[in-house]
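Novice: Put chain B on the given structure of chain A with help from the hints.
Number of protein chains: 2
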Amino acid sequence: MSTAPAFANTPEPPYYAVIFSSRRTDGDNGYVEMAERMVELAAQQPGFIGFESVRGGDGFGITVSYWMSAESIAAWKADIEHQVAQKIGKSAWYEHYEIRIAKVERAYGKPSV
Amino acid sequence: MSTAPAFANTPEPPYYAVIFSSRRTDGDNGYVEMAERMVELAAQQPGFIGFESVRGGDGFGITVSYWMSAESIAAWKADIEHQVAQKIGKSAWYEHYEIRIAKVERAYGKPSV
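Protein chains in written order, with the working numbering: chain A, 12 to 124; chain B, 12 to 124.
Calculated from the structure, these hints are not laboratory results.
Model, not experiment: these values are computed from the prediction.
A couple of the hints might just be wrong.
Any copy will do: because identical chains look the same in the list, a pair fits if it lies in one copy or spans two.
Stated by the list, open to error - Distance condition first, Cα-Cα at most 30 Å in a straight line; then the derived DSSO-like pairs of lysine-lysine:
(1) K98 / K121
(2) K88 / K98
(3) K114 / K88
(4) K114 / K101
(5) K88 / K101
(6) K114 / K98
With the rest of the complex left out, here is chain A (with noise of 0.2 Å):
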């Protein structure tokens, strides 16, 4: 098995993660579609570093994207087509969320073989 695409590949820290921990509504209601423009979009954000992203079949999930700072994680938030998804999510794809801005401060792994 391959490790990649899954995990994101993150810089020496600090940098920042977004820990954003939701449990989904019933049904697609656009969400798949929007979902794959969020991250096209995220990509292309000043200080976007990646992204890790699991969805169990009970509808809850974690997603983390990480970013060089405050400031690029503030610049994507007011994003306007994000906004609109934003807005979308809280009404229709998210019966609960919660989103934790946090510094890294520490980072270590297993190496690949």
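Specialist: Chain B in isolation, oriented as in the chain A frame:
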């Protein structure tokens, strides 16, 4: 659907997050039993707040545990029984993993209905 218990009940920031991204190897090899024991043991540690965890069908997973301080994370890492689990994790359960220790500075969510 209930939103509990997938979401961790975290306090007002600041607090700490340990983001553990991993890809499992094939087969159980005692993993499930040890994972349950580690959850039980972590919950007894001073400074432990809670955790959120998802693993997809492809073996990639994200577990985020929340802690009151960097010191409480260091103490948990040094726990003897946890050290045994870390060793087996590296040799048997995980093909690859990344651990990122981050200070949560801001947090907000969608209120539960």
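Novice: State the violated hints by number, sorted upward, taking the hints as numbered earlier in the document.
Specialist: Of the numbered hints given earlier, the structure breaks none, since each of them holds.
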